[in-house]
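Take these sequences, add in the hints, and give me the full structure.
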Amino acid sequence: MSLKFDVGSCIRATSKFSECTKCVDICPVSTIELANNIPAFTPAECTNCGGCVGVCPTDAFALDNFSPIDFFFNFLESKGDELSCGVDMPCLSIFGVDELISLALANEKPLKLNGLSCSCGGDKLRDKIEENIEEANYILSSFSSKQLTNQKAKVIEIKEDEKELDRRSFFSLKNVVKTKKTFEENVESDILKEFEVDNDTIKKIKDKNIPDSRKLIYSLFKRVDKPAKYEVLSSNDVGFISQKIVDDSCTNCQMCYRICPSKALSTDAKFSVINFEAMLCLKCNLCHDVCEPDSIKITEGFSIKEFFEPSKKTLIKFDVRRCDMCGNHFTYIDGESMCHRCKIEESEALALHGF
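Heads up, the sequence shown is in our numbering, so the first residue is 1 and it goes up one at a time.
Hints should not be assumed to be uniformly reliable.
[Stated by the list, open to error] Below, a list of computed lysine to aspartate or glutamate pairs in the EDC-like style, where the Cα atoms sit at most 16 Å apart:
1. 146 with 82
2. 193 with 309
3. 16 with 198
4. 305 with 268
5. 297 with 247
6. 193 with 45
7. 229 with 309
8. 317 with 237
9. 305 with 225
10. 16 with 289
11. 305 with 198
12. 146 with 81
13. 22 with 82
14. 283 with 225
15. 112 with 130
16. 226 with 309
17. 146 with 127
18. 343 with 324
For the record, the hints were derived by calculation from the structure and aren't laboratory data.
See below:
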């Protein structure tokens, strides 16, 4: 397996204001770093644990020979009830909380996870696996009796020198110089891979996509019996989705819904409202990072009703009118007749001509 990175899906590529460092923080060997605001990594140093795949809210990271979604359906067909870290998949940390919930809901038997045995990345990955299981169980307990069991299984100890050989075996003299192509590929894997935002990347950012993991859990909740009462969970304990509010300090600058990677935030043709769909929210915090007046906020509680009855809510409405100069709609305040951009252009023109 080898690590793949789709820069067009990364929220740091979407905005220079993004403060997301989840992939950097989870990497057990610290090979992922930021270069010009974009994640970069050295392939030869990567252990292919998949931790970055699990924490990335937009599925920008992937392992080329492992798909969590394909694994999900294959596992259901096998009718198994146990998953062991490093045996059935690269590492249990490759599954986000939403994917763990999906596995628990779809599986006929109670699911046992051997995450305490994780030796893929020391305490960092093991702690993340425990955190994900705890959050998944917290959400599941609000509407279902199904729970994930985290247990320690017997694992085969691998000596440190054998681990290093396994991770970088392609550098042994026996394997490296078989062909010129193999040699060049391995030399390249030892070089830091940096990524840039080109025209193709910009186009992909504009397209906006919903990760497969969100589509999966969305589909599953349509097939789960609704609880008699919808509980409200603490937003601090739900890391992959949120509900939001917008206060009166909002200037309707349009940045939040233009920059949202999944269309959770949207508007109408006149830019007169800000709408929000919680089930599409990835809790990537990008809208918060770009909001200068800090008008958009996460509610203290998250209602699980959004899982079962997804809806589009209007967070705020604006008075709009057409600009007398350019004809575009703008937020109407205090009797203004021109949009903000035209006012700036008029001011610059007057200054240029000495008025």
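Results of checking the hints against the structure:
A hinted pair counts as satisfied when its Cα atoms are at most 16 Å apart, and residue 146 with residue 82 qualifies at roughly 14 Å. Our distance criterion of 16 Å between C-alpha atoms is broken by residue 193 and residue 309, whose separation comes to about 43 Å. For the suggested pair residue 16 and residue 198, the alpha carbons sit about 14 Å apart, so the restraint of at most 16 Å is met. For a cut-off of 16 Å, the pair hint linking residue 305 to residue 268 is broken: about 25 Å separates their Cα positions.
Note on residue 297 and residue 247: the hinted pairing holds, with a Cα-Cα distance of about 8 Å set against a maximum of 16 Å. Of the pairs offered as hints, the one joining residue 193 and residue 45 holds, with about 11 Å between alpha carbons and a cut-off of 16 Å not exceeded. A hinted pair counts as satisfied when its Cα atoms are at most 16 Å apart, and residue 229 with residue 309 qualifies at roughly 13 Å. The straight-line distance between the Cα atoms of residue 317 and residue 237 is roughly 30 Å, outside the 16 Å bound, and the hint therefore fails.
Restraint check for residue 305 and residue 225: the C-alpha separation of about 12 Å stays at or below 16 Å, so the hint holds. The hinted pair formed by residue 16 and residue 289 meets the criterion: a straight-line CA distance of about 9 Å does not exceed 16 Å. Restraint check: the Cα-Cα separation between residue 305 and residue 198 comes to about 40 Å, which exceeds 16 Å; the hinted pair is violated. For the given pair, residue 146 sits about 12 Å from residue 81 by alpha-carbon distance, which is consistent with the 16 Å threshold.
At roughly 27 Å between alpha-carbon atoms, residue 22 and residue 82 are farther apart than 16 Å, so this suggested pair is violated. Under the criterion of a C-alpha separation no larger than 16 Å, the hint pairing residue 283 with residue 225 is inconsistent with the structure, at around 26 Å. At most 16 Å may separate the alpha-carbon atoms for a hinted pair to count; residue 112 and residue 130 meet this at roughly 13 Å. Only pairs whose Cα atoms come within 16 Å are accepted, and residue 226 paired with residue 309 is accepted, the gap being roughly 9 Å.
Proximity of residue 146 to residue 127 is assessed by CA-CA distance (about 22 Å); at most 16 Å being required, the pair is judged violated. Restraint check for residue 343 and residue 324: satisfied, since their Cα atoms lie roughly 11 Å apart, inside the 16 Å limit.
Of the numbered hints stated above, those contradicted by the structure are hints 2, 4, 8, 11, 13, 14 and 17, listed in ascending order.
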